[in-house]
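Peer 1: As you go down the protein sequences, you meet chains A and B in turn.
Using the working numbering, read the first sequence as starting at 1 and increasing by one per residue.
Using the working numbering, read the second sequence as starting at 371 and increasing by one per residue.
Don't read these hints as lab results, they were simulated from the structure.
Hints may be right or wrong, so weigh each one.
Stated by the list, open to error - Quick list of in silico lysine-lysine cross-link-like pairs, DSS-like style, CA-CA up to 27 Å: (1) Lys258/A - Lys709/B; (2) Lys710/B - Lys258/A; (3) Lys710/B - Lys273/A; (4) Lys366/A - Lys319/A.
Said to hold, decoys possible - Now the stretches of chain B that chain A is said to cover, found in silico as 3 or more residues with beta-carbon under 8 Å: (5) 402 to 408; (6) 508 to 519; (7) 639 to 651.
As the list claims (entries may be wrong) - Using C-beta positions, here's what the derived DEER-type ranges look like: (8) Trp450/B - Asp3/A: 29 to 37 Å; (9) Asp211/A - Ser644/B: 52 to 60 Å; (10) Pro284/A - Asp624/B: 31 to 39 Å; (11) Trp450/B - Pro180/A: 51 to 59 Å.
The structure presented is a predicted model; accordingly, all values stated were derived computationally and were not measured.
C-beta atoms are modelled at their ideal positions from N, C-alpha and C, and glycine is treated no differently.
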Amino acid sequence: MNDLHGILLACRSDANLGELTRHRNTCSLPFGGRYRLMDFMLSNYVNAGITDVGIIVHQSYQSLLDHVGSGKDWDLSRKHGGLRILPPFGYAERGGDYRGDMDALHGVSDYLRNIRQEYVILAWGDTAVNLPVAQVLQQHLETGADVTMVCTPTLKGAPRFSEYVEVDETGRVTDLSVHPVMASQALESLEVYILSKKLLMELVNYCSAHDIYHFSRGVLQPRLKTLKLMSYIHNGYVARFQSVSGYFERSMDLLDPKVRDDLFNPQRPIRTKDQSNPSTYYGPDARSTYSLVADGCMIEGEVENCIISRGVVVEKGAKVANSVLMQGTVIKSGASLAYVITDKDVTVNQNRMLMGHLTYPLAITKGATV
Amino acid sequence: MKKEVVAMLLAGGQGSRLYALTSHVAKPAVPFGGKYRIIDFPLSNCVNSGIDTVGVLTQYRPLELNSYIGSGQPWDLDRWDGGVHILPPYMREGDQGTWYKGTANAIYQNIGFLDMYDPEYVVILSGDHIYKMNYADMVEQHKKTNAACTISVLEVTLEEATRFGIMNADENGRVYEFEEKPKHPKSTLASMGIYVFTWSKLRQYLIDDEADPNSSNDFGKNIIPKMLDAGETLMTYRFQGYWKDVGTIDSPWDANMDMLAPGNENGINPYDTSWPIYARTPIRPPHVTGVNACISHSLVTGGCQVDGTVENSVLFHSVTVEEGAGVHYSILMPGAVVKKGAQVSYSIVAEGAVIEAGAKVGAPPSEDPDWGIAVVASGVTVGENAQVKPKAMIREDVKGGEQA
Numbered sequence: 001m002n003d004l005h006g007i008l009l010a011c012r013s014d015a016n017l018g019e020l021t022r023h024r025n026t027c028s029l030p031f032g033g034r035y036r037l038m039d040f041m042l043s044n045y046v047n048a049g050i051t052d053v054g055i056i057v058h059q060s061y062q063s064l065l066d067h068v069g070s071g072k073d074w075d076l077s078r079k080h081g082g083l084r085i086l087p088p089f090g091y092a093e094r095g096g097d098y099r100g101d102m103d104a105l106h107g108v109s110d111y112l113r114n115i116r117q118e119y120v121i122l123a124w125g126d127t128a129v130n131l132p133v134a135q136v137l138q139q140h141l142e143t144g145a146d147v148t149m150v151c152t153p154t155l156k157g158a159p160r161f162s163e164y165v166e167v168d169e170t171g172r173v174t175d176l177s178v179h180p181v182m183a184s185q186a187l188e189s190l191e192v193y194i195l196s197k198k199l200l201m202e203l204v205n206y207c208s209a210h211d212i213y214h215f216s217r218g219v220l221q222p223r224l225k226t227l228k229l230m231s232y233i234h235n236g237y238v239a240r241f242q243s244v245s246g247y248f249e250r251s252m253d254l255l256d257p258k259v260r261d262d263l264f265n266p267q268r269p270i271r272t273k274d275q276s277n278p279s280t281y282y283g284p285d286a287r288s289t290y291s292l293v294a295d296g297c298m299i300e301g302e303v304e305n306c307i308i309s310r311g312v313v314v315e316k317g318a319k320v321a322n323s324v325l326m327q328g329t330v331i332k333s334g335a336s337l338a339y340v341i342t343d344k345d346v347t348v349n350q351n352r353m354l355m356g357h358l359t360y361p362l363a364i365t366k367g368a369t370v
Numbered sequence: 371m372k373k374e375v376v377a378m379l380l381a382g383g384q385g386s387r388l389y390a391l392t393s394h395v396a397k398p399a400v401p402f403g404g405k406y407r408i409i410d411f412p413l414s415n416c417v418n419s420g421i422d423t424v425g426v427l428t429q430y431r432p433l434e435l436n437s438y439i440g441s442g443q444p445w446d447l448d449r450w451d452g453g454v455h456i457l458p459p460y461m462r463e464g465d466q467g468t469w470y471k472g473t474a475n476a477i478y479q480n481i482g483f484l485d486m487y488d489p490e491y492v493v494i495l496s497g498d499h500i501y502k503m504n505y506a507d508m509v510e511q512h513k514k515t516n517a518a519c520t521i522s523v524l525e526v527t528l529e530e531a532t533r534f535g536i537m538n539a540d541e542n543g544r545v546y547e548f549e550e551k552p553k554h555p556k557s558t559l560a561s562m563g564i565y566v567f568t569w570s571k572l573r574q575y576l577i578d579d580e581a582d583p584n585s586s587n588d589f590g591k592n593i594i595p596k597m598l599d600a601g602e603t604l605m606t607y608r609f610q611g612y613w614k615d616v617g618t619i620d621s622p623w624d625a626n627m628d629m630l631a632p633g634n635e636n637g638i639n640p641y642d643t644s645w646p647i648y649a650r651t652p653i654r655p656p657h658v659t660g661v662n663a664c665i666s667h668s669l670v671t672g673g674c675q676v677d678g679t680v681e682n683s684v685l686f687h688s689v690t691v692e693e694g695a696g697v698h699y700s701i702l703m704p705g706a707v708v709k710k711g712a713q714v715s716y717s718i719v720a721e722g723a724v725i726e727a728g729a730k731v732g733a734p735p736s737e738d739p740d741w742g743i744a745v746v747a748s749g750v751t752v753g754e755n756a757q758v759k760p761k762a763m764i765r766e767d768v769k770g771g772e773q774a
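Taking the hints into account, I'd like the entire structure generated from these sequences.
Peer 2: Quick look at the structure:
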């Protein structure tokens, strides 16, 4: 138990993910065979003892609603507190997308005002990381920081979508650059912040009154001297998703046991929607090597270097290599795939051959039949 | 609130014939079919049949079963009105309270629970059968025939009939005689241990039976014969489909092997979404196959790591099969580990058991009359290069190099 409230920002759809985010918010992008991206941060919150979580959504959040449901799979279906989905109810008069994270927070300011915890953690729901949030809070309290931001020394994002920080010997942030042309600094921000509810409300009100809508640019950069902004260094694995090939590479990262041990740390398990799938069945002629395979699949063909989601069917005689098959994909007999990402419920018919490349994997739209 | 139908699931049995598998848990909590425990089948059948109030009568080693059932959430049985209730024996004022003496006594001791819901019909189920069945159809027939009791029956062979309770019924399905394990069976309709009773009738029979000092307070031995003697209408309900009693050590092995034929008439199809079997599943990432993995005709579950050979086997969650290890025609329960070069054949390896490198457990069928399925109980370690003979039941660690 602690005095921390979780806010999860699930209100951006990354245009650079093309087909993969055409029907969904980036936070509900399937990843790792059985997860959606938001599962990671949401589980991080729950594993830190957070009991109240608000998820800010704006567009294309149908699949997100379907996934989180009442929050019971994260033990967030509660009489007191628990999970709240926050659509843009206070934002109707302006219309359009939220312009930035402060815009989104202002959109739900009534909700924020009623937060009963003293501290708030803000994070985007589209980062795959197993973050010890309780330790971040502890450091926040020990250093007496106004804002603590989580940074990683392993640069993962593309510079033009990422934020970088420079810190002094105490870990205090001395410079912050947003979306630079090149990553010149050593630490990348994960855009995960802990601050007090009181400070958050002051900042939301100030930003609303001054039409500031970007937290890093509008709040943190001008206040580097007046706010005590501390970095928390997370050395574990971090995956961010800013392009289709990036999504493919991060998926393949999971075939490395070190990455899996870190991301699926059994002490801080990543929870997801329970679908009561049976075990995966391998047929008499099946072959499965160096792959991650979720439950509920029927594998009768050959898979190698693959990430395979729940309920996938690979028929006898089909060959799939170096590919990511999302939920409900059916690969019929004789088909052959390499460097392909199939979205949900894709069917690849008999004897089709599909081939992408490591640097340009072929992504097939949800529900398509090839 | 009043309910038309309440199900009572008898889950207190020790399952002594399964003893290596039930040394830590009640029989209904024994893992089954890769993802499930035995009790998931009757519980899921209840929910799929529209029965939302279920009493689970526990007695033997209830801890794991209790925490498995929990609030009933995995089966959608966490409800304001009804839901799943764990019913252990309890103390009462005046007398000392007793353990459940028999199946009928277990229900007798919970008359108070049933009275709270004041049902028209009570469905009695047991926790050691694997099957899919729509109880609503059975209740419907019970109502139509205005029976006091309806007994679900299955056609068995004449040879098998000597091991079951046999219902001799007329052409309308009305039972005129019941024989427990007859030497010379007159019919081949075996009772499946699934009953629908009109509650007001059963309630009185339970009270009378309790007052009879010579009764063993058992449905099959006492209640059914007494109802027949009194001229009540007892009807058979013909069940067709897969049904397996998993009461002996070979039968859970058999039944797990049947799971390897999904879509086959001779097994349960867990992939059939029209009658899903629900389970409480632990949080595990997808399973991983290594570069040396060779898996065929097998079930593999989340959290497993397979880098050896697995064929004709069922792997529950979090099982590890290391490089060079072989698993053939075996059941590996949650968390079992088979280390480098170890060979497991025709065996059941229970939860968390470890087969060290080079060990050999079980063997393929042979002419040897002593051949059988080897069982390694939960938490047991079989040491390096040790051997476990076919049909052995290993409940204590086997030291490296030794034979057991």
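Peer 1: Does each hint fit the structure? Answer for all of them.
Peer 2: Going down the list of hints, with the structure as the test:
no.	hint	verdict
1	Lys258/A - Lys709/B	holds (20 Å)
2	Lys710/B - Lys258/A	holds (20 Å)
3	Lys710/B - Lys273/A	violated (35 Å)
4	Lys366/A - Lys319/A	holds (21 Å)
5	402 to 408	holds (count 3)
6	508 to 519	violated (count 0)
7	639 to 651	holds (count 7)
8	Trp450/B - Asp3/A: 29 to 37 Å	holds (31 Å)
9	Asp211/A - Ser644/B: 52 to 60 Å	holds (55 Å)
10	Pro284/A - Asp624/B: 31 to 39 Å	violated (19 Å)
11	Trp450/B - Pro180/A: 51 to 59 Å	holds (55 Å)
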